[in-house]
Amino acid sequence: MCLALPAEIVSLDREKDTAIVSLGGIKKEISIALLEELAVGDFVLVHVGFALHKVSPEEADRTLAMIKESGEDPLEEFAA
Amino acid sequence: MKYVDEFRNGALARRLAAAIVREADKSRMYHIMEFCGGHTHAIFRYGVQDLMPGNVRFVHGPGCPVCVLPIGRIDNAIELAERHSATVCSYGDMMRVPASERRSLLKAKAAGADIRMVYSITDALKIAREHSDREVVFFAIGFETTTPPTAVAILQAKAEGLRNFSVFCNHVLTPAAIQHILQSPEVRALGTVAIDGFLGPSHVSSVIGSRPYEYFAEEFQRPVVIAGFEPLDVMQATLMLIRQLNEGRHEVENEYVRVVTHEGNLKAQALVAEVFELRPSFEWRGLGDVPYSALRIKDAFSEFDAEKRFQVTTRRVRDAKSCECPSILRGAKKPTDCKLFGTVCTPESPIGSCMVSSEGACAAYWSYGRFRQDAGVSGVRTHKEAAE
Chain X
1 MCLALPAEIV SLDREKDTAI VSLGGIKKEI SIALLEELAV GDFVLVHVGF ALHKVSPEEA
61 DRTLAMIKES GEDPLEEFAA
Chain U
1 MKYVDEFRNG ALARRLAAAI VREADKSRMY HIMEFCGGHT HAIFRYGVQD LMPGNVRFVH
61 GPGCPVCVLP IGRIDNAIEL AERHSATVCS YGDMMRVPAS ERRSLLKAKA AGADIRMVYS
121 ITDALKIARE HSDREVVFFA IGFETTTPPT AVAILQAKAE GLRNFSVFCN HVLTPAAIQH
181 ILQSPEVRAL GTVAIDGFLG PSHVSSVIGS RPYEYFAEEF QRPVVIAGFE PLDVMQATLM
241 LIRQLNEGRH EVENEYVRVV THEGNLKAQA LVAEVFELRP SFEWRGLGDV PYSALRIKDA
301 FSEFDAEKRF QVTTRRVRDA KSCECPSILR GAKKPTDCKL FGTVCTPESP IGSCMVSSEG
361 ACAAYWSYGR FRQDAGVSGV RTHKEAAE
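Chains X and U, in that order, give the protein sequences.
When we follow the working numbering, the leftmost residue of the first sequence carries the number 1, and every step to the right adds one.
When we follow the working numbering, the leftmost residue of the second sequence carries the number 1, and every step to the right adds one.
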């Protein structure tokens, strides 16, 4: 039910409020009636055929950086 | 896949696990309720519980819209198809959920009712356009994520003047349910269900934002960290909750900033407000009647309201007697505490909704955790301990 996936916008049709997105290479038509100011190349969270929200690349990077700061990999010393 | 694989990185998960072991105070327990079934499944599928020290426990909440829908409403949907000869369209999750007398949408379909599984409500609109001689009813369920698409469809049906399309509305609200759990006597007075903090819903919050949780973080003095559904998201949010609890804070923090903002999706919220209004009360499986916890269609759109169009009345139907779904949904019991679990109740022939829904806690235990000695005491080792 709550499965939603980030997909990249490949093309937009504002007349029909639809977009074609690429989901790991699979193309699909979705509704963009819930979002404004979208552009080709944006990532959106797709749920039941609708784009719910834009995915922010900057914030995604920041979150990953925050996770990396959390500490050393305890197995790193064994990997050497 | 971008924005998915990076948040499943094993090396980073080990770092986070080590940080959690380091920062969790060994002299206390941390009971963290994940509200969403999506989190429950991430925790089980990726073995997140096994990476936690013994004093950090996840308590599964009621956050699966399929699991919390009472049996009477599923009976209603079957009646719409059978008695009113409507074409009932539903999201796939609902199809096998047991209704009264061991029936389900799928069994009614097998018996000849016109019940169709759709991926999106726009598919239901399409069916209505193509079959103007049939009444098409969309069985709408879900939290704040599926509600805006339903609003869009109703507005579209009105604009097109579709006369054979209606919605059987069962949309429910997350903050009301969380508040209800915290106010339930089991949690508040008896202390049988310890909840120290919440992993906040991810996709729901993309629509409503982080703001609605501020009230009860303050009122109930419990921290909330909104977390994405990937394993690293869950672990990072858990670390953030542990830090808040260690410092005696109870704030709303947002780990899922790549999608969730403070105010959420304002356009979606405006569309929902245009089409829906609060129900004074709605029955939830496991929680009973929860005030102001669900939405109904406004009078201005009553022609698209299946409840009015077909004069739907909901009977109260008791759950199967031995099924522990109600307690499991409140976090009071674990799936393995239910004597039906894994014996007569399996995903192939489910008795309760927590087993049938792909997001139910019982389905998660069955799929990923059934053989695990439950970590009630500890029983799990961190990678660090394993390496030693």
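Think of the hints as simulated: they come from the structure by calculation, not from any bench.
Treat the hints loosely; a few may be bogus.
Result set (DSBU-like, lysine-lysine): computed pairs, CA atoms no more than 35 Å apart in a straight line [to be verified]:
id	chain 1	residue 1	chain 2	residue 2
1	U	K267	X	K27
2	X	K28	U	K334
3	U	K321	X	K68
4	U	K334	U	K267
5	U	K298	U	K26
6	X	K27	U	K308
7	X	K68	U	K26
8	U	K308	U	K298
9	U	K107	U	K26
Quick caveat: nothing in here was measured; it's all calculated off a predicted structure.
Hint check:
1. U:K267 - X:K27: holds, 26 Å
2. X:K28 - U:K334: violated, 39 Å
3. U:K321 - X:K68: violated, 48 Å
4. U:K334 - U:K267: Outside the cut-off at roughly 39 Å; violated.
5. U:K298 - U:K26: This hinted pair is violated, its Cα atoms lying about 52 Å apart.
6. X:K27 - U:K308: Distance ~39 Å between K27 (chain X) and K308 (chain U) Cα, so the pair is violated.
7. X:K68 - U:K26: holds, 24 Å
8. U:K308 - U:K298: holds, 11 Å
9. U:K107 - U:K26: violated, 51 Å
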